[in-house]
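The residues making up each chain are set out below.
Protein chains: 2
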Amino acid sequence: MPLFQDYRQGLVLLICYLLSACSSLSSSPRATGDLGLIIERASGKVQLIDTSSAKSYATIGNLGDLSHASVVYSRDQRYAYIFARDGGLSKVDLLTEKLIRRVVHSGNSIGGAISQDGKLIAVSNYEPGGVKVFRSDTLALVADIPATYFHDSRTDKTKSSKVVGLVDAPGNRFVFSLFDTDEIWILDFSQPTIENPYQLTKFTHVGRAPYDALITPDGRHYIAGLFGEDGMAMLDLWHPEQGVRRILPDYGRGGEKLPVYKMPHLEGWAVAGDLAFVPAIGQHQVLVVNTRTWKLQSKIDVYGQPVFVMARPDGRQVWVNFAFPDNGKVQVIDVDTLQIAKTLAPGPAVLHMEFTPRGESVWVSVRDANKVAVYDTRRLEQTASLAAASPSGIFFTSRAHQIGL
Amino acid sequence: MPLFQDYRQGLVLLICYLLSACSSLSSSPRATGDLGLIIERASGKVQLIDTSSAKSYATIGNLGDLSHASVVYSRDQRYAYIFARDGGLSKVDLLTEKLIRRVVHSGNSIGGAISQDGKLIAVSNYEPGGVKVFRSDTLALVADIPATYFHDSRTDKTKSSKVVGLVDAPGNRFVFSLFDTDEIWILDFSQPTIENPYQLTKFTHVGRAPYDALITPDGRHYIAGLFGEDGMAMLDLWHPEQGVRRILPDYGRGGEKLPVYKMPHLEGWAVAGDLAFVPAIGQHQVLVVNTRTWKLQSKIDVYGQPVFVMARPDGRQVWVNFAFPDNGKVQVIDVDTLQIAKTLAPGPAVLHMEFTPRGESVWVSVRDANKVAVYDTRRLEQTASLAAASPSGIFFTSRAHQIGL
Numbered sequence: 001m002p003l004f005q006d007y008r009q010g011l012v013l014l015i016c017y018l019l020s021a022c023s024s025l026s027s028s029p030r031a032t033g034d035l036g037l038i039i040e041r042a043s044g045k046v047q048l049i050d051t052s053s054a055k056s057y058a059t060i061g062n063l064g065d066l067s068h069a070s071v072v073y074s075r076d077q078r079y080a081y082i083f084a085r086d087g088g089l090s091k092v093d094l095l096t097e098k099l100i101r102r103v104v105h106s107g108n109s110i111g112g113a114i115s116q117d118g119k120l121i122a123v124s125n126y127e128p129g130g131v132k133v134f135r136s137d138t139l140a141l142v143a144d145i146p147a148t149y150f151h152d153s154r155t156d157k158t159k160s161s162k163v164v165g166l167v168d169a170p171g172n173r174f175v176f177s178l179f180d181t182d183e184i185w186i187l188d189f190s191q192p193t194i195e196n197p198y199q200l201t202k203f204t205h206v207g208r209a210p211y212d213a214l215i216t217p218d219g220r221h222y223i224a225g226l227f228g229e230d231g232m233a234m235l236d237l238w239h240p241e242q243g244v245r246r247i248l249p250d251y252g253r254g255g256e257k258l259p260v261y262k263m264p265h266l267e268g269w270a271v272a273g274d275l276a277f278v279p280a281i282g283q284h285q286v287l288v289v290n291t292r293t294w295k296l297q298s299k300i301d302v303y304g305q306p307v308f309v310m311a312r313p314d315g316r317q318v319w320v321n322f323a324f325p326d327n328g329k330v331q332v333i334d335v336d337t338l339q340i341a342k343t344l345a346p347g348p349a350v351l352h353m354e355f356t357p358r359g360e361s362v363w364v365s366v367r368d369a370n371k372v373a374v375y376d377t378r379r380l381e382q383t384a385s386l387a388a389a390s391p392s393g394i395f396f397t398s399r400a401h402q403i404g405l
Numbered sequence: 001m002p003l004f005q006d007y008r009q010g011l012v013l014l015i016c017y018l019l020s021a022c023s024s025l026s027s028s029p030r031a032t033g034d035l036g037l038i039i040e041r042a043s044g045k046v047q048l049i050d051t052s053s054a055k056s057y058a059t060i061g062n063l064g065d066l067s068h069a070s071v072v073y074s075r076d077q078r079y080a081y082i083f084a085r086d087g088g089l090s091k092v093d094l095l096t097e098k099l100i101r102r103v104v105h106s107g108n109s110i111g112g113a114i115s116q117d118g119k120l121i122a123v124s125n126y127e128p129g130g131v132k133v134f135r136s137d138t139l140a141l142v143a144d145i146p147a148t149y150f151h152d153s154r155t156d157k158t159k160s161s162k163v164v165g166l167v168d169a170p171g172n173r174f175v176f177s178l179f180d181t182d183e184i185w186i187l188d189f190s191q192p193t194i195e196n197p198y199q200l201t202k203f204t205h206v207g208r209a210p211y212d213a214l215i216t217p218d219g220r221h222y223i224a225g226l227f228g229e230d231g232m233a234m235l236d237l238w239h240p241e242q243g244v245r246r247i248l249p250d251y252g253r254g255g256e257k258l259p260v261y262k263m264p265h266l267e268g269w270a271v272a273g274d275l276a277f278v279p280a281i282g283q284h285q286v287l288v289v290n291t292r293t294w295k296l297q298s299k300i301d302v303y304g305q306p307v308f309v310m311a312r313p314d315g316r317q318v319w320v321n322f323a324f325p326d327n328g329k330v331q332v333i334d335v336d337t338l339q340i341a342k343t344l345a346p347g348p349a350v351l352h353m354e355f356t357p358r359g360e361s362v363w364v365s366v367r368d369a370n371k372v373a374v375y376d377t378r379r380l381e382q383t384a385s386l387a388a389a390s391p392s393g394i395f396f397t398s399r400a401h402q403i404g405l
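Keeping their order, the protein sequence lines are chains A and U.
Each step along the first sequence adds one to the number in the numbering used here, with nothing skipped, and position 375 is 375.
Each step along the second sequence adds one to the number in the numbering used here, with nothing skipped, and position 87 is 87.
To be clear, the hints were calculated from the coordinates, so they are not data collected in a lab.
All C-beta atoms in this analysis are idealised placements derived from N, C-alpha and C, irrespective of residue type, glycine included.
Derived SDA-like pairs (lysine to any residue); straight-line CA-CA distance at most 20 Å:
hint	chain 1	residue 1	chain 2	residue 2
1	A	K119	U	R30
2	U	K119	A	S53
3	A	K157	A	P128
4	U	K295	A	G273
5	A	K295	U	G273
6	A	K119	U	R379
7	U	K119	A	D376
8	U	K119	A	R378
9	U	K119	A	V374
10	A	K342	U	W238
11	A	K119	A	T138
12	A	K202	A	R245
Simulated coverage check for chain U against chain A, where a stretch passes if three residues somewhere in it have a Cβ under 8 Å from a Cβ of chain A:
hint	region
13	68-81
14	110-120
15	211-224
16	313-325
17	393-405
Pulled out of the complex, with its shape left as it was, chain A reads as follows (with noise of 0.2 Å):
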């Protein structure tokens, strides 16, 4: 009876197949809140991490040029979106360990935030200049809207500004820099109509050449570093009426006294306190600004030129790497004291930093030496490490749940 014989091992094959698959899931669901990526920049791949047992649990390939890449979370967590600067957009499940959807949708990107509802992923680009926004459901598009344009004297034509720091704010609304024209922008989702589903409110001769913006972790003030002159453009988003005003008119090469190695990221300036940490460009030196008057009130000097500067959450301890040659290094400062309370050396080529949310530990990606650092931050001391290939950006989940983030 060879068809019965082949029934039955049918059979049999289906219900080992769906024990396996059952014992699979059922195994460990897993909770969202202490999982992240790292951005492997070299060979187009997240790993997957876990943050309480300090280890990868998953690799997610085929997702471009990571270079520069960025990251942000879907409100419960699940779903991290990579911006890439190769124009994609990656929507990765941090459950199912799969790429769900990549949308390639600018020959050249920066960065990206996600509306305070989570439901709008907004992202910057290069070229051509603009932003486009699409639904975190499904990546559709929802919202193109080009830079303004300009004549580009180098190559004599018409072309629309370059994007640049990116940021959501409080109320659904996304606020960029045009790094060509001069102007912040205001991109407000909150009140759609079937005419209009966003407005936008344009900010002009903001100061030349804005090229990198932060927004404060309260979500209030949004500030641009200027590639065009010294000094910073602010706007507090709780008094957009009054527009547009410079702060710290020092801020930039001005004296440059030391060639700039490479311009600082302010995604990483710290607040703590009543203090901001900003990293000073060009010069071996951590600048304290006060947030109550935006004025500089003392300078720190450290290691190299700072890169990011970025503060433990408690806001007691400020960590800052540095540009090439001094890459190998990091610096703790205390926040009470204003001193160097330890140098480290993760390794060659320090590129990035991250808290996990309650500030107990710091991860420290070493592209060089191919490794994750773990370090407790209490004992300033290395407590594990992760292999990883030439990582640079390091994204957990708890970005979720922060305004700006």
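Model the placement of chain U on the given structure of chain A, informed by the hints.
Structure of chain U alone, referenced to chain A:
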């Protein structure tokens, strides 16, 4: 062939069972970033809810006396630890929707906290007074710390002080107050040794009868309210060597112009920028305190005696509910102008409010209407309502990522 018939039927049943088990498991793995729970105090149950859909997805019972219950979350946001008034500590799994374990550790408890690293749960007890510390994974007892003994003149017996105002602080520390013996203690688990799993630091004569306390969102300042005299006791955890100092000397029932219907919850203190918003005791006022000087800056007249005074996560609004007989109203203070933006009437007996992590919504429990009302915080309008039996506290999983919550 009756046997063969049975064998085939058995196989079919097994396959059907496996298929249904698989489909129920695989249908929707659940992320935990947008979850929370609502305490149903009368029935000893909690509703598990999802803030993205504004819906309840499960109910768990047999949790004991849940009046004044409070909740903390594991760092992966999967487990809720529920502190019940009857001295019970319950561990609930938000993914499998089950009560995992319940220990009854004292006759009368008032609250608890989870350590920065997520490994320890501390519970403060009224009767007998003290603090017990449990492992968060197994709920096994780690430390049992009796409070200071004193002579109770009413009963002419020696007993241990009630413990109140227990919070977690950075560095795996817990801080709490001793009501009967006027003390504040720091319980430090950051440097465990075989001989001493913890260090205990005691501050005495802090002020008469601390009845409740709070820690500022940055985890730096611990502030206890005093039942036995006016003023508050403050400990700067960056400088414990400076000891406890007194602030707000007029804070209390001093004038006693009105009967005090309910001592306000200090956990409800809102800190927004440089300002703390504090419920006045027995007055129809919210006090505005400057957190740089810890001095009273101004007073805001409100509808009734404030109970919870809570800041929207971006600090732009402060929401206030009131003691009986004004507990059907909620007022929203605009922090920029210090004016009342709107008075809302959610219904009879508003007991608690909880903001979504990025502040677009607030959930309000309305006990005597047997509902939880969800408000859009920008439009100040109700957007959803959930049925709940005598709801009191509402706790979202985003608390897992915050210091002192």
